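*Asks:* Residue numbers (our numbering), protein chains in the order written: chain R, 1223 to 1559; chain C, 1223 to 1559.
Calculated from the structure, these hints are not laboratory results.
Mixed in with the good hints there might be a few duds.
Any copy, or any two copies together, can satisfy a pair, since identical chains are not distinguished.
With a straight-line cut-off of 20 Å between C-alpha atoms, the simulated EDC-like cross-links for lysine to aspartate or glutamate are [claimed, not checked]:
1. Lys1475 with Asp1503
2. Lys1475 with Glu1440
3. Lys1418 with Glu1295
4. Lys1485 with Glu1497
5. Lys1305 with Glu1265
6. Lys1412 with Glu1295
7. Lys1359 with Glu1464
8. Lys1418 with Asp1373
9. Lys1412 with Asp1373
10. Lys1475 with Glu1497
11. Lys1317 with Asp1306
12. Lys1425 with Asp1249
13. Lys1241 with Glu1276
14. Lys1305 with Asp1397
15. Lys1412 with Glu1292
16. Lys1241 with Glu1289
17. Lys1461 with Glu1437
18. Lys1475 with Asp1373
19. Lys1549 with Glu1411
20. Lys1412 with Glu1440
21. Lys1400 with Glu1428
22. Lys1359 with Glu1552
23. Lys1461 with Glu1440
Keep in mind it's a predicted model, so treat the numbers as computed, not measured.
Number of protein chains: 2
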Amino acid sequence: MSEITKVALDAMGGDNAPKAIIQGALDVITKRQDIHVFLVGKEKIIEEELNKHEYPKEQISIVNATEIIETAEPPVMAIRRKKDSSIVVAMNMVKTGQADAFVSAGSSGAILVGGQVLVGRIKGVERPPLAPLIPTKNGVSLLIDCGANVDARPSHLVQFAKMGSIYMKNVIGIDNPKVAIVNIGAEEEKGNALVKETFPLLKACEDINFIGSIEAREIPHGEADVIVCEAFVGNVILKLFEGVGSTLISQIKNGLMTNVRSKIGALLVKPTLKETLKKFDASEYGGAPLLGLNGLVVKTHGNSTAKEVANSIIQCVTFKEQRINDKIKETIQKKVE
Amino acid sequence: MSEITKVALDAMGGDNAPKAIIQGALDVITKRQDIHVFLVGKEKIIEEELNKHEYPKEQISIVNATEIIETAEPPVMAIRRKKDSSIVVAMNMVKTGQADAFVSAGSSGAILVGGQVLVGRIKGVERPPLAPLIPTKNGVSLLIDCGANVDARPSHLVQFAKMGSIYMKNVIGIDNPKVAIVNIGAEEEKGNALVKETFPLLKACEDINFIGSIEAREIPHGEADVIVCEAFVGNVILKLFEGVGSTLISQIKNGLMTNVRSKIGALLVKPTLKETLKKFDASEYGGAPLLGLNGLVVKTHGNSTAKEVANSIIQCVTFKEQRINDKIKETIQKKVE
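Construct all of the structure, not just a fragment, from the sequences and the given hints.
*Replies:* What follows is the structure, given as structure tokens:
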């Protein structure tokens, strides 16, 4: 039998907590025996929710945490002051090795700060990037970095490329993943100071399959598997991706309701439309990992459903099984030593 | 009778040149007598194309230019060497006052460089931003800057906000346009170094209606009329907007063709779908102006249709009638003196 993966799950984080979060945990443990989930949060609330369900009791533990970090709170302060919050308690479990991974739909800021401050970076990793998957024509691409650490240096971006490649190869299963840097033109001499400095470093890097620049227009086509950028640009790409997609879809749906003819048409196209839009939903791959930490931290969407939570837990198993952190250590420390 | 607006049109630029470009010019002059178009490019080719049409001859002149700047050419070199290219010849016409404006679907790089080097900046303008309109739920927003000058300073962004406000008010007709800066969170303390430095300057600026930060997710909702950012980020937003939209639409269209039921549905929804997607096309407002120059330079899409060219020419008339450059001078020089 394979080893047990221990996942600390933030039962209090996200718009649909605790119901959808706990549901996600139960969905996954009823299918897989190699997972133990620690539900971290207010004991009574979690118990009450658990009591509504039948489930394999030996795969779930409750870890009491009396405080909650709200999304609007300044992250650094929140992490420092709310020692008994679900995020801080769960992060400490990863730090001490009680849990292999932490999954949360809670405050992005607190998760990013806590990851660095509490869980800590792998030796040699300069910055832990947040790396969500975005849907493309061909499947998904890893957008790295979308975190809170803006104004990156070229050496950070090179590490992002390496860590992203390891993740895409071993967790998503893409052989020899193609790496590109976000730029405003295809030519090597284009770009801002950061991109111009980083480009030759990526080109010279032996650990990755660098294919050059990618313009934002090409990102949805899926020609690169690992899309490297600094966090400000990454954040803009990630959020615009979601914003344009959802706006366009809602406009189309509203448009279809304007007359009888199109309403009938809408009924007929609904199943295939749903199928198409499902392809544009990356949540079946889980949440966004914060890479380069001594453990795994996964940030899921604030509005995560049980499905996204369940997939994020499975992602933690793959991450552990594939020894991603050992592979990151090997690659990053090779150059440091 | 109102004054004549003289527009130099690059007959050689863009994927559909010269046919669609010339068609656009003819479409507009047959409707409006207050416009004179100089078709700049290879005389014989233009003449041949013109001979296929009936049109008011007194509103069109051909200006011979024997060279063409290709999209792939390094812009600075091209502008310097190809003195008899359509872009250089037309830009010089704007500089000397023979034309009020220049419209081109040709090389973005050459147009941006030529605008600065040949047409020249209004005194006090630090950088001329390229400011395309992007479609939103509510209409359009001006995205400023999407040009070639990356790594901007805070003072540049403040000028972009002022020039963008003047344009949206007087050309697009939006009263007291709302200005926002692209950021990765709504709070004032968020952002990269550039945004953090620029935010208080925009807040203190009396000439604009600053509403704070805008996250990329909110851009398609149209809550800001003028969206300020430096050119690298602007370029990413513009191209991703187009990329996500077109990918999603093509996926939906392909999806609808997968079975008989959805094919029938597709026939029924086609008219309203077309109507909805039309709203997501900003080309009815013309092309992207390069603001802050001694004259007007408008960059249209490389694949511009006759309609986009015609609308860009009308945009030049409004720009002149509304004395946009006088208004930019007043606002920018007020602080300089």
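*Asks:* The structure should be examined with respect to each hint, and the outcome stated for every one.
*Replies:* We went through each hint and held it up to the structure:
{"no.": "1", "hint": "Lys1475 with Asp1503", "verdict": "both (17 Å within a copy, 17 Å between copies)"}
{"no.": "2", "hint": "Lys1475 with Glu1440", "verdict": "between (26 Å within a copy, 19 Å between copies)"}
{"no.": "3", "hint": "Lys1418 with Glu1295", "verdict": "between (36 Å within a copy, 19 Å between copies)"}
{"no.": "4", "hint": "Lys1485 with Glu1497", "verdict": "both (19 Å within a copy, 15 Å between copies)"}
{"no.": "5", "hint": "Lys1305 with Glu1265", "verdict": "within (16 Å within a copy, 77 Å between copies)"}
{"no.": "6", "hint": "Lys1412 with Glu1295", "verdict": "between (39 Å within a copy, 13 Å between copies)"}
{"no.": "7", "hint": "Lys1359 with Glu1464", "verdict": "both (15 Å within a copy, 15 Å between copies)"}
{"no.": "8", "hint": "Lys1418 with Asp1373", "verdict": "both (14 Å within a copy, 12 Å between copies)"}
{"no.": "9", "hint": "Lys1412 with Asp1373", "verdict": "both (19 Å within a copy, 12 Å between copies)"}
{"no.": "10", "hint": "Lys1475 with Glu1497", "verdict": "both (15 Å within a copy, 12 Å between copies)"}
{"no.": "11", "hint": "Lys1317 with Asp1306", "verdict": "within (15 Å within a copy, 68 Å between copies)"}
{"no.": "12", "hint": "Lys1425 with Asp1249", "verdict": "neither (44 Å within a copy, 49 Å between copies)"}
{"no.": "13", "hint": "Lys1241 with Glu1276", "verdict": "within (14 Å within a copy, 71 Å between copies)"}
{"no.": "14", "hint": "Lys1305 with Asp1397", "verdict": "neither (42 Å within a copy, 50 Å between copies)"}
{"no.": "15", "hint": "Lys1412 with Glu1292", "verdict": "between (41 Å within a copy, 17 Å between copies)"}
{"no.": "16", "hint": "Lys1241 with Glu1289", "verdict": "within (18 Å within a copy, 68 Å between copies)"}
{"no.": "17", "hint": "Lys1461 with Glu1437", "verdict": "both (17 Å within a copy, 7 Å between copies)"}
{"no.": "18", "hint": "Lys1475 with Asp1373", "verdict": "neither (39 Å within a copy, 40 Å between copies)"}
{"no.": "19", "hint": "Lys1549 with Glu1411", "verdict": "neither (33 Å within a copy, 36 Å between copies)"}
{"no.": "20", "hint": "Lys1412 with Glu1440", "verdict": "within (16 Å within a copy, 28 Å between copies)"}
{"no.": "21", "hint": "Lys1400 with Glu1428", "verdict": "within (13 Å within a copy, 48 Å between copies)"}
{"no.": "22", "hint": "Lys1359 with Glu1552", "verdict": "neither (33 Å within a copy, 49 Å between copies)"}
{"no.": "23", "hint": "Lys1461 with Glu1440", "verdict": "both (16 Å within a copy, 8 Å between copies)"}
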